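Going down the list, the sequences are from chains A and B.
Here numbering that gives the first Met the number 0 is used: the first residue of the first sequence is 0, the next is one more, and so on.
Here numbering that gives the first Met the number 0 is used: the first residue of the second sequence is 0, the next is one more, and so on.
There could be a bad hint or two in this list.
Listing some non-contacts, in silico: residues in chain B with all C-beta distances to chain A over 10 Å [what the hints assert, rightly or not]:
(1) Gln-44
(2) Pro-48
(3) Leu-112
(4) Asp-215
(5) Ile-228
(6) Asn-286
(7) Asp-296
(8) Lys-367
Straight line, CA to CA, 30 Å or less: simulated BS3-like cross-link-like pairs of lysine-lysine [said to hold, decoys possible]:
(9) A:Lys-91 - B:Lys-302
(10) A:Lys-4 - A:Lys-91
(11) A:Lys-4 - B:Lys-367
(12) A:Lys-282 - A:Lys-460
(13) B:Lys-221 - A:Lys-7
Hints are computed from structural coordinates only; laboratory data are not their basis.
Remember, predicted model here, so these are calculated numbers, not experimental data.
Every residue, glycine too, gets a C-beta built ideally from N, C-alpha and C.
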Amino acid sequence: MALAKRFKQLDHFSLETTGAYNLLPFNFHKLTAEKYFCANLVGEHLFLTQQELKKLVGGTLPTSSDTYLELKSKHFLYGLDSDAAIDLLALKFRTKHHRIAQFTALHIFVVTLRCDYTCQYCQVSRRMEDEGDFDMSHESAEASLEMLFLSPAKSVKIEFQGGEPLLNFELIKFIVETALAKNISHQKNLEFVVTTNLSMLDEDVLDFCEVHGIYLSTSLDGPKDLHNRNRPKASRNGYETTVAGIRRIQERIGPDKISALMTTTAASIEMPREIIDTYVELKFHSIFLRPLSPYGFAIKTKQAAKYNSERWLEFFKEGLDYIIELNQAGYFLVEQYTRIILRKLLTAENPGYVDLQSPAGIGISVIVYNYDGDVYASDEARMLKEMGDEKFRLGNVHNDTYEQIFSADSLLEGLEETLVESVPMCSECGYQTLCGSDPVYHYATQGDVVGKKPLSFFCNKNMGVITHILNLLQEPKTRKTLESWI
Amino acid sequence: MVKLISTKNLLNYSAENGEVYRVSTNASLPSVLRKSEALIISDEQQEIPAGYGLVLSKEPREGCSTLSEDLWHLTDGDVVRVDANRNLIRALYRKNANANFLFVTERCNSFCLMCSQPPRDVDDGHLIEELISAVPLFDPSTMELGITGGEPTLLGDRFIALLRTIKNHLPHTAVHVLTNGRTASHKELVVEIAKLQHPDLMFGIPLYSDIASRHDFVVQAKGAFDETIRGILNLKSYSQKVEIRVVLHKQTYERLPDLARFIARNFQFVDHVALMGLEITGFTRANLDELWIDPLDYQDQLKEAVHILTRAGIRTSIYNLQLCLLPKSLWEFSVKSISDWKNKYYPECSGCSERHGCGGFFESSDLKRSPNIRALTFAKP
Chain A
0 MALAKRFKQL DHFSLETTGA YNLLPFNFHK LTAEKYFCAN LVGEHLFLTQ QELKKLVGGT
60 LPTSSDTYLE LKSKHFLYGL DSDAAIDLLA LKFRTKHHRI AQFTALHIFV VTLRCDYTCQ
120 YCQVSRRMED EGDFDMSHES AEASLEMLFL SPAKSVKIEF QGGEPLLNFE LIKFIVETAL
180 AKNISHQKNL EFVVTTNLSM LDEDVLDFCE VHGIYLSTSL DGPKDLHNRN RPKASRNGYE
240 TTVAGIRRIQ ERIGPDKISA LMTTTAASIE MPREIIDTYV ELKFHSIFLR PLSPYGFAIK
300 TKQAAKYNSE RWLEFFKEGL DYIIELNQAG YFLVEQYTRI ILRKLLTAEN PGYVDLQSPA
360 GIGISVIVYN YDGDVYASDE ARMLKEMGDE KFRLGNVHND TYEQIFSADS LLEGLEETLV
420 ESVPMCSECG YQTLCGSDPV YHYATQGDVV GKKPLSFFCN KNMGVITHIL NLLQEPKTRK
480 TLESWI
Chain B
0 MVKLISTKNL LNYSAENGEV YRVSTNASLP SVLRKSEALI ISDEQQEIPA GYGLVLSKEP
60 REGCSTLSED LWHLTDGDVV RVDANRNLIR ALYRKNANAN FLFVTERCNS FCLMCSQPPR
120 DVDDGHLIEE LISAVPLFDP STMELGITGG EPTLLGDRFI ALLRTIKNHL PHTAVHVLTN
180 GRTASHKELV VEIAKLQHPD LMFGIPLYSD IASRHDFVVQ AKGAFDETIR GILNLKSYSQ
240 KVEIRVVLHK QTYERLPDLA RFIARNFQFV DHVALMGLEI TGFTRANLDE LWIDPLDYQD
300 QLKEAVHILT RAGIRTSIYN LQLCLLPKSL WEFSVKSISD WKNKYYPECS GCSERHGCGG
360 FFESSDLKRS PNIRALTFAK P
């Protein structure tokens with residue numbers, strides 16, 4: 000039986016014949032001899048065989064094939080029956096980049112550079128606890144807040160950094176209260192987070208955080224021996240202090256108010272499982288497997304040079320496998336870097352992670368107000384300054400206007416010169432939309448904001464991580480686990 | 000099933016009195032109010048009161064029009080339209096119904112394979128004028144009004160006028176417009192809609208495939224896909240609420256997960272997606288062999304589609320499918336969607352413990368329904 004007479008068959012509406020289609024822009028990356036990962040400028044993607052890829056580009060792909068329909072659905076091509084693909088691509092491109100108009104989301108206040116820890120890998124070149132002249136003044140704080148409220152961003156996060164910011168808790172209180180008072184007229188969504196080693200945590204701090212819904216973020220490198228080795232403290236009880244602090248916050252103001260970050264040292268790299276177990280034991284549902292950044296003491300003490308990207312990737316893969324295993328055994332635990340990549344890959348949104356954006360995240364996603372009133376394009380930019388290089392110092396809150404700071408040459412050039420869409424190797428990379436541009440990193444390591452990608456730890460790391468995630472997604476059970484992280 | 004039309008005995012009726020009336024059983028209304036009311040007179044009432052626009056009696060009675068049994072459900076606050084030429088009375092609005100739909104035109108620019116209301120190219124402009132005059136008689140506490148056709152937006156200015164009347168007279172009533180969205184590909188209409196600033200207006204727009212030619216085939220109109228896509232984009236760019244509606248049948252179920260992915264990637268901003276079982280009426284009857292598939296046979300695709308949509312944060316519902324055909328994981332998405340005046344249950348359902356949560360069937364399911372309908376005998380988790 001067929002359709003009633005007055006109706007037309009499907010053929011009547013399919014205007015395509017083989018070859019009668021138009022290609023839209025896309026990149027591809029060879030995963031294996033037979034499998035190519037193909038992605039367009041909005042992150043829609045699929046896997047093709049070499050044969051299919053050749054046919055697609057050569058205009059000989061049969062329009063009746065499922066591959067053709069998938070390519071059409073995902074806007075790799077358009078046929079004679081419809082050109083809505085172009086409107087939709089434009090829409091998706093705007094969606095992926097809407098954060099640019101909403102700059103700057105993260106404002107880092109370095110309220111002091113003093114610290115009670117003596118970490119070998121310290122990337123910010125902290126100062127001794129009792130050294131003077133490394134605290135931010137009330138005047139600098141107020142001028143920084145003035146600047147913050149000039150940002151177009153509707154949602155703004157204020158992060159207190161150091162040194163150890165709680166050594167200058169009085170200024171944190173001043174900044175929070177001043178910001179909230181100013182915000183009555185500005186009506187932004189304000190969020191506060193204190194990045195702290197928790198050694199100064201007391202009832203006053205907890206009360207204040209509870210009242211204002213302030214989040215705390217700490218460093219936890221793994222089990223006791225590793226943590227204390229990576230993060231030495233005169234009293235030799237860094238691990239105990241940190242763990243006690245985490246538990247106290249979880250109980251007192253809620254488990255979602257405290258998160259932890261780990262940094263991978265040469266000692267860490269041998270023990271991914273033990274590190275992850277430490278997080279599980281503390282009932283964290285999130286972990287971020289992070290390599291050392293090559294700044295500050297990490298360079299001085301040659302900590303950052305102790306493993307290469309291959310070794311780090313081994314660590315990452317072993318860790319991620321174990322995390323997936325834990326999820327499948329019933330404990331929900333997200334690896335944050337993987338989650339960022341997955342959201343870029345599998346959703347219409349852009350998670351807005353500073354290091355994985357194009358244009359780069361400097362200035363757009365993050366800005367730093369240093370203790371002395373200087374303004375930097377990113378946290379790494381001020382790390383670089385403490386090493387004597389002021390390349391990404393954009394100005395000073397007391398001497399420069401918002402307009403001068405946000406149109407500083409080093410910022411604009413850093414952004415313009417490093418767009419992944421135009422940079423050698425990135426421009427043709429299949430992972431372009433999943434990755435991003437990090438001008439400060441490449442300047443710090445290669446003396447050039449673009450850098451040579453084959454020599455870049457950043458590039459090697461991301462190529463390896465993304466390839467690994469794409470491979471993991473091929474296995475249905477693993478895919479289901481990973482999808483649950485989005 | 001509640002019948003809405005009666006064609007009996009409109010005696011003593013003159014069209015000069017107007018054509019739309021609010022139903023009343025109160026025979027002692029102040030006389031100045033009576034003209035716009037249709038009185039249903041009780042048998043005990045000795046005298047026929049003067050001044051009512053229309054007097055209806057359940058039993059034949061001197062000086063009254065007879066109300067056929069189909070319309071005995073009419074009660075205070077309902078609104079009826081009277082067509083003297085065709086000797087016809089139709090319920091336009093029932094105060095106590097769970098849904099009221101305003102049928103504004105029979106004309107349409109699509110010709111969908113499964114149209115439940117086959118379009119006719121007729122001059123029926125009077126329909127919307129009657130509705131515009133009827134809306135002020137509706138109860139202001141009405142929760143929701145539907146607008147349907149045909150393609151309502153083909154009426155242009157008059158469609159806007161209807162929306163404006165609803166907004167002004169029923170400011171607390173949600174409005175749901177069933178449209179194919181094609182005319183919204185022209186910005187002008189969308190601008191006029193946006194200007195109304197209606198606080199609770201939603202456009203339900205069907206999208207049957209991620210592939211243009213497949214959608215065009217289902218709606219039997221070349222270029223319809225592009226117009227609908229641009230219509231959705233225009234409506235959303237003017238901050239209008241949009242619901243995407245997908246009727247599930249043999250021509251749409253296979254690519255349902257692909258369509259869900261397409262919606263999640265391109266239209267993540269839509270306000271609702273409704274995945275709907277087929278109603279066996281209108282053109283569906285003529286094309287039944289090309290449309291019918293036992294819903295049990297597309298549950299894998301349905302499950303995947305719901306998973307994709309909900310993971311993207313899109314509010315998703317399943318309409319017109321019976322709980323005994325859905326895997327339990329989909330029950331939470333199932334909505335009792337069939338209007339009370341057209342739903343029913345079958346002998347297979349007797350003894351089912353889940354009937355309270357199940358939408359049941361269309362009257363038209365007499366013709367075709369899944370052979371896998373059965374009574375469930377467990378409690379919902």
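Each hint, compared with the structure:
1. Gln-44: With a cut-off of 10 Å, Gln-44 of chain B remains clear of chain A, as the shortest Cβ separation is near 52 Å.
2. Pro-48: holds (52 Å)
3. Leu-112: violated (6 Å)
4. Asp-215: violated (4 Å)
5. Ile-228: violated (4 Å)
6. Asn-286: violated (5 Å)
7. Asp-296: Fine: 18 Å to the nearest Cβ keeps Asp-296 of chain B off the interface.
8. Lys-367: Since the minimum Cβ distance to chain A is about 13 Å, Lys-367 of chain B lies beyond 10 Å and the statement holds.
9. A:Lys-91 - B:Lys-302: holds (26 Å)
10. A:Lys-4 - A:Lys-91: violated (40 Å)
11. A:Lys-4 - B:Lys-367: Given that 30 Å is the threshold and the Cα spacing comes to 21 Å, the pair holds.
12. A:Lys-282 - A:Lys-460: Between Lys-282 of chain A and Lys-460 of chain A the Cα gap is close to 28 Å, so the pair holds against 30 Å.
13. B:Lys-221 - A:Lys-7: Holds, at roughly 11 Å.
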